[in-house]
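Colleague: Sequence:
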Amino acid sequence: MSVVVQATKKGGIPVAVEKRPKGKVVTVIRNVSGDAKGLLSSLQNAAGAGGSDHGSFIELQGDHQKLVEDYLVQHGCVKGAKGSKPKPQPPPPPPTAEAEASGDGDRRIGKKRRWPKPQEEAENVNPIQASSTAPASWMKAEKESPAKHQFGVLMRDWPYWSHDYARLPELYEEYSHATGAFVCRELESDFTAPVAPTLQSQPNHLPSRTGGADPWEADLQAAGLLVERCVEGESRLERNKRHKKEDVVTNSVKGRIQWADELPSGARPNYDGPSARKLALAKKYLNYVQNQERQPASTPVSFPSAWRPKPQNIPGAPRPSSSSKRSVGKHGGGGGGGGHGWAGGAKG
Numbered sequence: 001m002s003v004v005v006q007a008t009k010k011g012g013i014p015v016a017v018e019k020r021p022k023g024k025v026v027t028v029i030r031n032v033s034g035d036a037k038g039l040l041s042s043l044q045n046a047a048g049a050g051g052s053d054h055g056s057f058i059e060l061q062g063d064h065q066k067l068v069e070d071y072l073v074q075h076g077c078v079k080g081a082k083g084s085k086p087k088p089q090p091p092p093p094p095p096t097a098e099a100e101a102s103g104d105g106d107r108r109i110g111k112k113r114r115w116p117k118p119q120e121e122a123e124n125v126n127p128i129q130a131s132s133t134a135p136a137s138w139m140k141a142e143k144e145s146p147a148k149h150q151f152g153v154l155m156r157d158w159p160y161w162s163h164d165y166a167r168l169p170e171l172y173e174e175y176s177h178a179t180g181a182f183v184c185r186e187l188e189s190d191f192t193a194p195v196a197p198t199l200q201s202q203p204n205h206l207p208s209r210t211g212g213a214d215p216w217e218a219d220l221q222a223a224g225l226l227v228e229r230c231v232e233g234e235s236r237l238e239r240n241k242r243h244k245k246e247d248v249v250t251n252s253v254k255g256r257i258q259w260a261d262e263l264p265s266g267a268r269p270n271y272d273g274p275s276a277r278k279l280a281l282a283k284k285y286l287n288y289v290q291n292q293e294r295q296p297a298s299t300p301v302s303f304p305s306a307w308r309p310k311p312q313n314i315p316g317a318p319r320p321s322s323s324s325k326r327s328v329g330k331h332g333g334g335g336g337g338g339g340h341g342w343a344g345g346a347k348g
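full-length UniProt numbering applies: residue 1 is where the sequence shown begins, and numbers increase by one.
It should be emphasised that the hints constitute simulated quantities derived from the structure, not laboratory data. Glycine residues also receive a C-beta, built at the ideal position from the N, C-alpha and C atoms. Each hint can be trusted.
Here are the simulated lysine-lysine pairs, BS3-like style, with alpha carbons at most 25 Å apart:
#1 Lys241 <-> Lys283
#2 Lys79 <-> Lys9
#3 Lys37 <-> Lys79
#4 Lys66 <-> Lys24
#5 Lys79 <-> Lys10
Per label pair, the in silico range of CB-to-CB distance:
#6 Ala222 <-> Tyr288: 20 to 26 Å
#7 Glu246 <-> Glu173: 56 to 62 Å
#8 Lys22 <-> Gly55: 23 to 29 Å
#9 Asp219 <-> Val153: 36 to 42 Å
#10 Arg242 <-> Gln150: 50 to 56 Å
#11 Asp219 <-> Asn291: 22 to 28 Å
#12 Gly23 <-> Gly76: 32 to 38 Å
#13 Ala222 <-> Glu173: 42 to 48 Å
All chains, full assembly: derive it from the sequences and hints.
Modeller: Written out as structure tokens, the structure reads:
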């Protein structure tokens, strides 16, 4: 509620009780600026009486001077009244020499320094350090069995067990057999003995997986995650363009081959599908592109002229524009309107 009630020159709140004809009493609030209607509505709800708005002052029916003054002060609507501004706080006294020497300059004078209680110190103690330590014979076996020693350190620092070190050999045996069985199952080999110490001492000495890496290379290459050797003298832009053209040709040829495979034998559909000659040319062009990729860049590969496809037969090749069609039509000859496209040139 954006409304301001300006105080009088003496700092009082401009609220007074006045009498009207026929013995009526009203409470008048003067020097009102801003949302006077909103202030009147709030005062009417608070007092439970009617009222009227006259622009610079408000009238409220009945004697409600105390209620109106408290409401205006409580909501901060009075400006320039006595006691409306908070009294300035006196500056804190400067720290004494004793406080500076003891390091309590930032604390209140006379406040005792708080020290941690013994109970809090007991709560801050690490429960692992407070528990019993591992057997000395087990922890001294670092040189004899590093894996055994590391397992003891692991269980000593693990907070979620009872630290019953009498069960440590049993836990280590279960851990070793479980680790060996898991690793051998992943490597598809027979489990004969715990292999955790062997893997820790010789991490690169692992049995080969069945099938080698060949079954994975096709999937990695299809996903674009296989590292391939870049053609010498080929920039990134040229390589991207080449890959884009190869993808267009490959997808087009695959789609047409799939369409030809799905077509029943002897069927002749009555729609514009690729002919057998176009399919043969597309397959030959695809084989040519794949053979060119396998050969090194230094060896030039000549495109056989005997089955070189025309541009309109190559999938993805640009089609002749309308201007070229008109030019062919103009020079194609006479009869039947020879200057208007392919039909005229053919007839001429």
